[in-house]
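Participant: Sequence:
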Amino acid sequence: MKVVNRRALHDYQVLETFQTGIVLIGPEVKSVRGGKISLEGSFVKIIGSEIYLLNAQIFPYPYARPPAGGYDPKRTRKLLMHKREIISLKTKLSSAELTLVPLECYNSEGLFKLTIALARGKKEYQKREKLRRRAIDRETERELKSHLPTKD
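If you count the sequence shown from 1, position 11 lands on 756 in the working numbering, and the numbers rise without skipping.
FYI, nobody ran anything at the bench for these hints, they're computed from the structure. A couple of the hints might just be wrong.
Said to hold, decoys possible - Listed next, the in silico DMTMM-like pairs over lysine to aspartate or glutamate satisfying Cα-Cα at most 25 Å (straight line):
{"#": "1", "residue 1": "775", "residue 2": "756"}
{"#": "2", "residue 1": "867", "residue 2": "761"}
{"#": "3", "residue 1": "872", "residue 2": "849"}
{"#": "4", "residue 1": "875", "residue 2": "785"}
{"#": "5", "residue 1": "775", "residue 2": "785"}
{"#": "6", "residue 1": "872", "residue 2": "882"}
{"#": "7", "residue 1": "790", "residue 2": "761"}
{"#": "8", "residue 1": "875", "residue 2": "854"}
{"#": "9", "residue 1": "819", "residue 2": "756"}
{"#": "10", "residue 1": "875", "residue 2": "886"}
{"#": "11", "residue 1": "858", "residue 2": "888"}
{"#": "12", "residue 1": "790", "residue 2": "756"}
{"#": "13", "residue 1": "835", "residue 2": "756"}
{"#": "14", "residue 1": "868", "residue 2": "761"}
{"#": "15", "residue 1": "858", "residue 2": "785"}
{"#": "16", "residue 1": "781", "residue 2": "854"}
{"#": "17", "residue 1": "819", "residue 2": "849"}
{"#": "18", "residue 1": "747", "residue 2": "854"}
{"#": "19", "residue 1": "835", "residue 2": "785"}
{"#": "20", "residue 1": "868", "residue 2": "888"}
{"#": "21", "residue 1": "823", "residue 2": "874"}
{"#": "22", "residue 1": "775", "residue 2": "817"}
{"#": "23", "residue 1": "781", "residue 2": "849"}
{"#": "24", "residue 1": "828", "residue 2": "761"}
{"#": "25", "residue 1": "819", "residue 2": "785"}
{"#": "26", "residue 1": "790", "residue 2": "849"}
{"#": "27", "residue 1": "747", "residue 2": "761"}
{"#": "28", "residue 1": "823", "residue 2": "849"}
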């Protein structure tokens with residue numbers, strides 16, 4: 746099961762991508778396997794020498810026993826990455842106006858992976874220009890299809 750954060754691709758210009766592991770508790774694994782995860786509005790933050798996923802929502806697994814302290818679907822989750830990669834990301838983040846955003850979550854050989862991106866935020870006019878260009882391309886495709894001769 747692959748869950749994609751479409752909003753991130755709309756709001757940010759992706760410069761570089763990284764693959765990380767994600768630390769989950771038992772019932773969360775079943776929920777993510779069923780596609781019950783939302784990456785919309787989530788972000789990645791480096792705290793000290795560790796990297797965390799914040800604000801990602803993993804919906805509770807309906808057949809799991811509720812934990813004693815209650816379950817927080819938007820809890821902070823640790824990501825697994827090599828220390829040298831984290832240090833490299835930290836230096837890149839401090840040098841420019843960049844941010845880390847999660848792009849997709851997927852299952853790879855029984856383990857759940859998260860693709861994160863080093864990205865720069867798009868300005869409002871850049872988003873509008875992209876939508877306008879896409880509409881023009883769609884319209885030209887439609888015109889070309891209508892003028893092509895058909896084989897009968």
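Participant: Run every hint past the structure and note whether it holds.
Facilitator: Hints and how they fare:
With a C-alpha separation of about 30 Å, the suggested pairing of residue 775 with residue 756 is violated against the 25 Å cut-off. With a CA separation close to 15 Å, the supplied pair residue 867 and residue 761 stays within the 25 Å bound. Proposed proximity of residue 872 and residue 849 is supported: the alpha carbons are some 21 Å apart, at most 25 Å. A hinted pair counts as satisfied when its Cα atoms are at most 25 Å apart, and residue 875 with residue 785 qualifies at roughly 20 Å.
Restraint check for residue 775 and residue 785: the C-alpha separation of about 20 Å stays at or below 25 Å, so the hint holds. Proximity of residue 872 to residue 882 is assessed by CA-CA distance (about 16 Å); at most 25 Å being required, the pair is judged to hold. Distance restraint check for residue 790 and residue 761: the Cα-Cα separation of roughly 16 Å lies within the 25 Å cut-off, and the hinted pair is therefore satisfied. Restraint check for residue 875 and residue 854: not satisfied, since their Cα atoms lie roughly 36 Å apart, outside the 25 Å limit.
In summary, the hint linking residue 819 to residue 756 is supported, as the alpha carbons are separated by about 21 Å, within the 25 Å threshold. For the hint pairing residue 875 with residue 886, the CA-to-CA distance comes to about 17 Å; that is within 25 Å, so the pair holds. For a cut-off of 25 Å, the pair hint linking residue 858 to residue 888 is broken: about 42 Å separates their Cα positions. A threshold of 25 Å between alpha carbons decides the hint, and for residue 790 with residue 756 the separation of about 18 Å falls inside it, so the pair holds.
Taken as a hint, the residue 835 and residue 756 pair is honoured in the structure, with Cα atoms around 21 Å apart against an allowance of 25 Å. For a cut-off of 25 Å, the pair hint linking residue 868 to residue 761 stands: about 19 Å separates their Cα positions. Under the criterion of a C-alpha separation no larger than 25 Å, the hint pairing residue 858 with residue 785 is consistent with the structure, at around 17 Å. The straight-line distance between the Cα atoms of residue 781 and residue 854 is roughly 19 Å, inside the 25 Å bound, and the hint therefore holds.
In summary, the hint linking residue 819 to residue 849 is supported, as the alpha carbons are separated by about 17 Å, within the 25 Å threshold. A threshold of 25 Å between alpha carbons decides the hint, and for residue 747 with residue 854 the separation of about 13 Å falls inside it, so the pair holds. Between residue 835 and residue 785 the CA atoms are separated by roughly 23 Å; this keeps the pair inside 25 Å, and the hint holds. Between residue 868 and residue 888 the CA atoms are separated by roughly 31 Å; this puts the pair beyond 25 Å, and the hint is violated.
Proposed proximity of residue 823 and residue 874 is contradicted: the alpha carbons are some 36 Å apart, above 25 Å. Among the hinted pairs, residue 775 with residue 817 is consistent with the structure: their alpha-carbon atoms are about 16 Å apart, no more than 25 Å. Proposed proximity of residue 781 and residue 849 is supported: the alpha carbons are some 13 Å apart, at most 25 Å. Proximity of residue 828 to residue 761 is assessed by CA-CA distance (about 17 Å); at most 25 Å being required, the pair is judged to hold.
A threshold of 25 Å between alpha carbons decides the hint, and for residue 819 with residue 785 the separation of about 11 Å falls inside it, so the pair holds. With a C-alpha separation of about 16 Å, the suggested pair residue 790 and residue 849 falls inside the 25 Å cut-off, and the hint holds. Restraint check for residue 747 and residue 761: satisfied, since their Cα atoms lie roughly 20 Å apart, inside the 25 Å limit. Using a Cα cut-off of 25 Å, the hinted pair residue 823 and residue 849 holds, with the two alpha carbons roughly 16 Å apart.
Comparing the model with each earlier hint shows violations of hints 1, 8, 11, 20, 21; every other hint is respected.
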